[in-house]
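Using the hints provided, position chain C relative to the given structure of chain V.
There are 2 protein chains.
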Amino acid sequence: MTMSVATERVFNFSAGPAILPEAVLREAQEAIWNIDGSGIGIMEHSHRGKVFDKVIDEAVADCRELAGISDDYAVLFLQGGASHQFFMIPANYLPEGATADYLNTGKWSQGAIKEAKRYGKVHLSASSEDANFNFIPSGAEVKPSVSPAYTHFTSNNTIFGTQFRTEPAKGGDSFLICDASSDIFSRSIDVSKYGLIYAGAQKNLGPSGTTLVIIRKDLLERTARDLPTMLTYKTHAENDSRYNTPPTFGIYLMGRVFKWIRREGGLAAIAAHNEAKAKIIYDAIDASEFWNGTARADSRSLMNICFRAPSEDLESKFIKEAAAAGMDGLKGHRSAGGMRASVYNAFPKAGCEALAEFMREFERKNG
Amino acid sequence: MTMSVATERVFNFSAGPAILPEAVLREAQEAIWNIDGSGIGIMEHSHRGKVFDKVIDEAVADCRELAGISDDYAVLFLQGGASHQFFMIPANYLPEGATADYLNTGKWSQGAIKEAKRYGKVHLSASSEDANFNFIPSGAEVKPSVSPAYTHFTSNNTIFGTQFRTEPAKGGDSFLICDASSDIFSRSIDVSKYGLIYAGAQKNLGPSGTTLVIIRKDLLERTARDLPTMLTYKTHAENDSRYNTPPTFGIYLMGRVFKWIRREGGLAAIAAHNEAKAKIIYDAIDASEFWNGTARADSRSLMNICFRAPSEDLESKFIKEAAAAGMDGLKGHRSAGGMRASVYNAFPKAGCEALAEFMREFERKNG
Numbered sequence: 001m002t003m004s005v006a007t008e009r010v011f012n013f014s015a016g017p018a019i020l021p022e023a024v025l026r027e028a029q030e031a032i033w034n035i036d037g038s039g040i041g042i043m044e045h046s047h048r049g050k051v052f053d054k055v056i057d058e059a060v061a062d063c064r065e066l067a068g069i070s071d072d073y074a075v076l077f078l079q080g081g082a083s084h085q086f087f088m089i090p091a092n093y094l095p096e097g098a099t100a101d102y103l104n105t106g107k108w109s110q111g112a113i114k115e116a117k118r119y120g121k122v123h124l125s126a127s128s129e130d131a132n133f134n135f136i137p138s139g140a141e142v143k144p145s146v147s148p149a150y151t152h153f154t155s156n157n158t159i160f161g162t163q164f165r166t167e168p169a170k171g172g173d174s175f176l177i178c179d180a181s182s183d184i185f186s187r188s189i190d191v192s193k194y195g196l197i198y199a200g201a202q203k204n205l206g207p208s209g210t211t212l213v214i215i216r217k218d219l220l221e222r223t224a225r226d227l228p229t230m231l232t233y234k235t236h237a238e239n240d241s242r243y244n245t246p247p248t249f250g251i252y253l254m255g256r257v258f259k260w261i262r263r264e265g266g267l268a269a270i271a272a273h274n275e276a277k278a279k280i281i282y283d284a285i286d287a288s289e290f291w292n293g294t295a296r297a298d299s300r301s302l303m304n305i306c307f308r309a310p311s312e313d314l315e316s317k318f319i320k321e322a323a324a325a326g327m328d329g330l331k332g333h334r335s336a337g338g339m340r341a342s343v344y345n346a347f348p349k350a351g352c353e354a355l356a357e358f359m360r361e362f363e364r365k366n367g
Numbered sequence: 001m002t003m004s005v006a007t008e009r010v011f012n013f014s015a016g017p018a019i020l021p022e023a024v025l026r027e028a029q030e031a032i033w034n035i036d037g038s039g040i041g042i043m044e045h046s047h048r049g050k051v052f053d054k055v056i057d058e059a060v061a062d063c064r065e066l067a068g069i070s071d072d073y074a075v076l077f078l079q080g081g082a083s084h085q086f087f088m089i090p091a092n093y094l095p096e097g098a099t100a101d102y103l104n105t106g107k108w109s110q111g112a113i114k115e116a117k118r119y120g121k122v123h124l125s126a127s128s129e130d131a132n133f134n135f136i137p138s139g140a141e142v143k144p145s146v147s148p149a150y151t152h153f154t155s156n157n158t159i160f161g162t163q164f165r166t167e168p169a170k171g172g173d174s175f176l177i178c179d180a181s182s183d184i185f186s187r188s189i190d191v192s193k194y195g196l197i198y199a200g201a202q203k204n205l206g207p208s209g210t211t212l213v214i215i216r217k218d219l220l221e222r223t224a225r226d227l228p229t230m231l232t233y234k235t236h237a238e239n240d241s242r243y244n245t246p247p248t249f250g251i252y253l254m255g256r257v258f259k260w261i262r263r264e265g266g267l268a269a270i271a272a273h274n275e276a277k278a279k280i281i282y283d284a285i286d287a288s289e290f291w292n293g294t295a296r297a298d299s300r301s302l303m304n305i306c307f308r309a310p311s312e313d314l315e316s317k318f319i320k321e322a323a324a325a326g327m328d329g330l331k332g333h334r335s336a337g338g339m340r341a342s343v344y345n346a347f348p349k350a351g352c353e354a355l356a357e358f359m360r361e362f363e364r365k366n367g
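Line by line, the protein sequences give chains V and C. So the first sequence is numbered by the numbering used here: it starts at 1 and just counts up by one. So the second sequence is numbered by the numbering used here: it starts at 1 and just counts up by one.
Here chain V stands alone, though its shape is the one from the complex (with noise of 0.2 Å):
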């Protein structure tokens, strides 16, 4: 049998979920039907059957090697996204009475502070919140305390258009805990200096529905009080994420995902590409009067690109024009306004250059 399939698609900017790789789409239209030649589709498959034990185990595997991951790390696929790990972290790590050191970068790290002070005390090592958001601190801008129980920080913000350079400063011999939804396996990263990395996977790594958390292993033993079973870490990692039912679709498409990393020449090569999409769209902007970028210069997200025209009529305009001409999810967040870029990993350069030709062209019959 053939099955017809429209193939016309367009260049999605959509900040979440977002963009996933074409050939990785195309792996699971045959998976979902019948994986492996086992007869049976990969939703259908039990979780603790040959078939899922081999994706599960690759997915595992192909994570470890992007990352460079050792041994003393686990990696657990989780559910709930980023908004649990918010209450999870502080449930599991910050004890009654101890501090933890948050830095203030936007919205989520909002969300995150808010779930930790319901455990324990926060300190906010940094803020940017009064210049709303449109900078990473850093230097003499982070002030850790003293002894914190970890330090937690959201390395990209999708709604700013910001993103962390490199590990903030932290307090005392306390572990780096950091949301990385937005930016993980963008560019390569050094899990030997974090505690905790978690990421929704719905911005570079698959569907919405499962999270990827990367635990050093330590941690899984020191837990700030008693739980029920599914909300410790340890759980998790001594079933390998299956004590329950995993959200098996969601892993199988991670590990499609990961292996796509891989061919695509690994974590730094995926960098590089990233750092040329995005300057692509900067050099438009930097190159115009009529565009401004939302975002300080030296905190420019490579996934996220905010940017304003000079009214909120202008801007409506492009929207819907650019939306004709094939280029979708360019509206802002609601509580930033004007346009915002969407370019992760999936996203092709061919969609960048598209969308710097049309701002260029709108500028010049709006100009």
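For the record, the hints were derived by calculation from the structure and aren't laboratory data. Note that the coordinates shown come from a computational prediction; the quantities given were computed from them, not determined experimentally. A portion of the hints provided could be inaccurate.
27 Å max Cα-Cα, derived BS3-like pairs, lysine-lysine [claimed, not checked]:
no., chain 1, residue 1, chain 2, residue 2
1, C, 143, C, 117
2, V, 320, C, 54
3, V, 50, C, 107
4, V, 234, C, 114
5, C, 143, C, 193
The following block gives chain C in isolation, referenced to the frame of chain V:
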């Protein structure tokens, strides 16, 4: 472009993740590349965009239509499976010092009971544990407490192959909570008898990673303790399951399954089909001295049919030969042994006939 897809599918008796309707899988193959002519696949659409608005709105509407769910109830799509509900329910509805009634009818009931004990007292209003969970308690066997916070039961027990015929007795004016993971929408259900119904998707509704929760709206307002934002049902109800990024593909697929059930004639028609399917296999067991059903006749599940052969050697041989004949997933759960044929909504009658015939043939050769 055309895509070649292997069409050879086997009879998949997996207990879960389990077989899905082939018509739905065909729809999903197209939708993950380009849904509704949008030029973007279902997994790549923003959860706040118009395409996904339609997906989730229709899923809720079709769910309400299927089960006759009134506006007194909210229909939610959560994450974490039934295991996540095991603690989320008592965290919300079992005040410290108060008692909840649980019917202990198998491994999943025990999981729910274990988590409830963290929050308050548990009264076992009935248990079939002494009989290795081979029956469903009823009549005088059910002894509710006077005024429990709620009464919890597991409507179908996948491991031991038993199923409630109707709702159990409950104490006082407590509300009923049901883990319906493995028989949801396999028959008609009077939702108005319940306070909360939950079901992991991976048996009758879709891929693992999405949990359907049907909750009476007055319960949204009364929670027993202050909880993290993500752990209160109200958070999810107020945001139409989009407080955070939901598992968009899982919701899409569940919605397509709801439409498929409607096309099949709705819950009454599905129930008649399921009765006829299970009867084919139970008749094969009852007509034989060789095969033995493990569940008491009055408690037999229409979803999971558990049976034994005269020896474990013969069981291994049967499972192996059945797999070679295109019948996969017949091995019983490790805690029950023997064979288990899971024949959820999407499992075809032809597969039941094939199994019954294969059982008769195996008996002739080995009996």
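Status of each hint after checking the structure:
1. Taken as a hint, the residue 143 of chain C and residue 117 of chain C pair is honoured in the structure, with Cα atoms around 19 Å apart against an allowance of 27 Å.
2. The suggested pairing of residue 320 of chain V with residue 54 of chain C holds, with an alpha-carbon distance near 20 Å, which does not exceed 27 Å.
3. A distance of roughly 23 Å separates the Cα atoms of residue 50 of chain V and residue 107 of chain C; the hinted pair therefore holds under the 27 Å criterion.
4. Restraint check: the Cα-Cα separation between residue 234 of chain V and residue 114 of chain C comes to about 17 Å, which is no more than 27 Å; the hinted pair holds.
5. Restraint check for residue 143 of chain C and residue 193 of chain C: the C-alpha separation of about 19 Å stays at or below 27 Å, so the hint holds.
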